[in-house]
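**Q** So the protein sequences, as listed, match chains A and B.
When the count follows the numbering used here, it moves up by one through the first sequence with no breaks and lands on 618 for the last residue.
When the count follows the numbering used here, it moves up by one through the second sequence with no breaks and lands on 604 for the last residue.
FYI, nobody ran anything at the bench for these hints, they're computed from the structure.
In this text, a Cβ means the ideal position worked out from N, Cα and C, and glycines have one as well.
Among the hints, erroneous ones may be present.
[Unchecked claim] Examples of chain B residues lying across from chain A (beta carbon under 10 angstroms, computed): (1) 337; (2) 414; (3) 455; (4) 506; (5) 508; (6) 532; (7) 574; (8) 583.
The lines below spell out each chain.
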Amino acid sequence: MTAVTPITTGRRPPAGVSRSRRGRAGWVFVGPFMAVFALVFLAPIAYSLYLSFFRDQLVGGTSFVGLDNFQRAFEDEQFWAAVGRVLLFLVVQVPVMLGLALLIALALDSGRLYGKSFFRIAVFLPYAVPAVVATLMWGFIYGTRFGLVGNINEALGVSLPDPLSPSLVLASIGNIVTWEFIGYNMLIFYSALRVVPKSLYEAAEIDGAGEWRVITAVKIPAIRGALVIATIFSVIGSFQLFNEPSILQSLAPNAITTYFTPNLYTFTLSFSGRQQNYAATVSLVMGVVTMIIAYAVQLRGMRKEA
Amino acid sequence: MSAPSFTADQTSRRSTHRAPAPRRAARRKHSVARPRRSTVLTLLMGLTAVYALMPLAWLVINATKTQKSLLDSFGLWFSGEFALWDNISQTLTYDDGIFVRWFLNTLLYVVVGAGGATFLAVLGGYGLAKFDFAGKRAVFATVIGAVAVPATALAVPTFLMFSKMGLTNTPWAVIIPSLISPFGLYLMWVFAAEAIPTELLEAARVDGSGELRTFFQVALPLLTPGIVTVLLFTMVQTWNNYFLPVIMIKNPDWYPLTLGLNAWNQQASTAGGQPVFNLVITGSLLTIVPLIAAFLLLQRYWQSGLAAGSVKG
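Here chain B stands alone, though its shape is the one from the complex (with noise of 0.2 angstroms):
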């Protein structure tokens, strides 16, 4: 944590190096506006990104790994054979293949939980920007208050009542509450009153269009970016999800890969348990990709999509 510290005080402290700039030369070639390029703040900035990738880096070196070398060899360059591929098929198929398993009950609660959770979001945050309606203050200060409430302090009363109606230990027990994104909601209704105008939204009512029709066709497409920014959001939020699911699921079948890569690890540091290191850390690598590859793939999207929803925030 010190490096990045050092950098940043260095960053500030350079800048004021910097002497104003005269009068009468506000449009000069090196102002506020159109800087000069700083390699020794680039330098800087690097020991953050070192910081930043770092562990992932030892992940990636790692999953190459035989679980015998990974005890004794440094921890951040290869030693031994290239074991990534053997560790990916020992991954794929221990336990008859429950972290495939795994991997797909993640998926499930991605794709429901978070592809749902955006669509409540998008329909809620439309309505509160281009409608009137009674209640909408209400509706405002309900979501604005429970967002400042630990979703975890939700989640001990929430077993108990889904345990009463007899959800715990199945998938719903996930998905239900991962349907609700505060966030979400916000971010949509700022986005929604930004990008749709109302005159249009009036016109295709003059149409005949009725509320439905308009919102799928005239709305939806205008809010593609926050779309993609709230359901990477959703989706970060459900495919890391670690709490809810350890309260709510006990049975192995159902667990998404963050339980089990957990039970992994814990199977691996009890006593007389199969050590399974190389498992943990090559399952682990196999996790964080498919996200990673969507914030790369998608980073156009999430990125507009953020810049216009801090506009009022």
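Same shape as in the complex, but just chain A (with noise of 0.2 angstroms):
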């Protein structure tokens, strides 16, 4: 995102009227994205922060609270336990994802492989299976009674552990968002690096560098930015989790809380609980939370291109 920035090609339009002509005709065509831009994303925000400024209560209607809505969301610990099992799937999932993306990457880009389109687009395939259908699957594999894992416990007469107990359903949500998008990410990389310029490898191999020296040495650096992007968007998707859990949750009820991940519990907060103010403030804390961790992810990733 940050290499954006220079792309600003077209050539400085000669002084006066004509500038001036192609000043609103540039609006003409950014003009309609930033209108709805306007109406979906930034209106919705100021709405939430004047919402959470607020309480609606049966009884005595809406009134002005100051802060309190926020200082309950930083005291609220389901609040924060959810916080804290989407950093520890943070933590977890997105390295795993990212790394087998890059390593998958890698085998299609060295030229080594046989069938290299097929593998590209099967492994790119489950990105085109919506997240419902993803997690009816998986639910239905994990499933230890009539599903593949009752059915290799039956075969094999071994038990194997219940993927959707409440110890292991993070692991299995993980599995989930993994497969969805590892081709995704993959993808990313692979469009990367075909763009670097093969000359590069050719004057690393006269200096003498292996395979393996050419690929952290030359290739990983040469796509730094397409590596930061995918990191920031699979931050953001972590901390976004909601459609796995919430699908799972009728096959694992006992397992997956109303509070299991921060949009959870902003969801169940608005519809059951009927707190819409305070869950508007839950989002914007949430939103808050999400924009940090993706900037010091982009600054890291700055720091180390620097």
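Put the complex together from the two separate chains, hints included.
**A** This is the structure in structure tokens:
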């Protein structure tokens, strides 16, 4: 994302009338996007900020409460337990998924595979599967009674641990998310690798670098931008975790609480709990936490680049 | 998950075994630039392909089973009578053909939502790449900042806002938020900067072509791979959307497929509900076929579009 700034390729138009005409023309193209953007991004942020300063009660109606909602959020153990859970998910699942995606991309790029295009599309295909369908499929596969895990238990006379038990359910969700997005990230890395000039490899080889050295010294630094972007998207994705746990809930009601992830918690608050002002506050706090972490990732990525 | 990680480790370790190429042999047959194919690496890659495809194979196999043999046969092989066609016709007719209705809803959301999102992203990306205008830096900062805002953090406030505007429980509630794709804008911006020579636009202007005409007749054809890429990715997002409709839509008549399938699954898991696991599975299969077909058929376009997008990424 940081690399975008220098893209202003439009040649500076001649001064005077023509420049202001061109100036207006720019807005003709950017305007429609920005108008809808204001409606679905900026307005909700402003509105939730407004909501977070009020409380709506059956008795007494809406009243201004200052920062009470924020104070409540900072002391809310259920909320922070949910944040802790997605943080744990983040530090385990994201490195595993991105590491595997990178290794697959490097293998594809090495040119040492038979049937390269088959592998590329096969690993990517799960991305086209909706989270709902992915979770339903894996949910069935995880089943110890009728599912594949149950089949294996029966056939081999073993008893594998239940993937949907409270202690394993987070790892099982991690597997579903990895399955869904490994191909997408692989493709981002692979596309970035394709455009690294081949002459760089040859130069490194002439200097006596082996294949592994070329990977660590040439290929990975060359795609750092793609790595940073993929990491930021994955971090944001982890904080937003909702679909998979929400759908698995009907299969594993004991393992997945109503405050399993921050998003599940705000969802429960606003639709079952009817505490919409507080839900808006929690959304805001969560948005800020996410932005801070995404920003930290970006800074780290940039520093290494420099 | 352990299988592919094994693959990857082995892959990297193997590569280290290769002796560094001697100085004068850089143009030899087997080098980093012109490598020898490896059976072992291919087999290890095969494991990742198995991981990726196994659940899909499971889905296809189990869509051919009846409700009964679904529950008492081995998951990864066929069993009992071949009931795929039966299952499909049951899926399409169950509850007065509600599945078809969900399919058409999804199509509406995808065509208007993803189509609109692509249109806005193409216009905006072109504007950002090829024009100087007041406020351009502000646009850049806002949109990049917005990428970091979790879309789901916006969902609850958007719902509250839309319900004040009377939009919830209508298709608009799903379509309007789908119209914005910051990633699409970013990709089109990078792509337009690369793919359209500014000289070409200058030439069209000198010939007296207006800005809009220049855009449609000169720029648009050059943007095709980028447009297909953005269209495919926004289509996937809209087709697969769950969080947004689950918040916005209460009326099953406006459900997209994802919500409908989940409703069937919950019905099957509820005590006393009619178990329709075979419909959940067959419906899931029918839901993913169009997208997988689109990706396979349009491979050439979206792969080149992504490659161009990553130049600056």
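**Q** Identify every previously stated hint that the structure contradicts and give their numbers, smallest first.
**A** Number 5 - this is the single hint that the structure violates.
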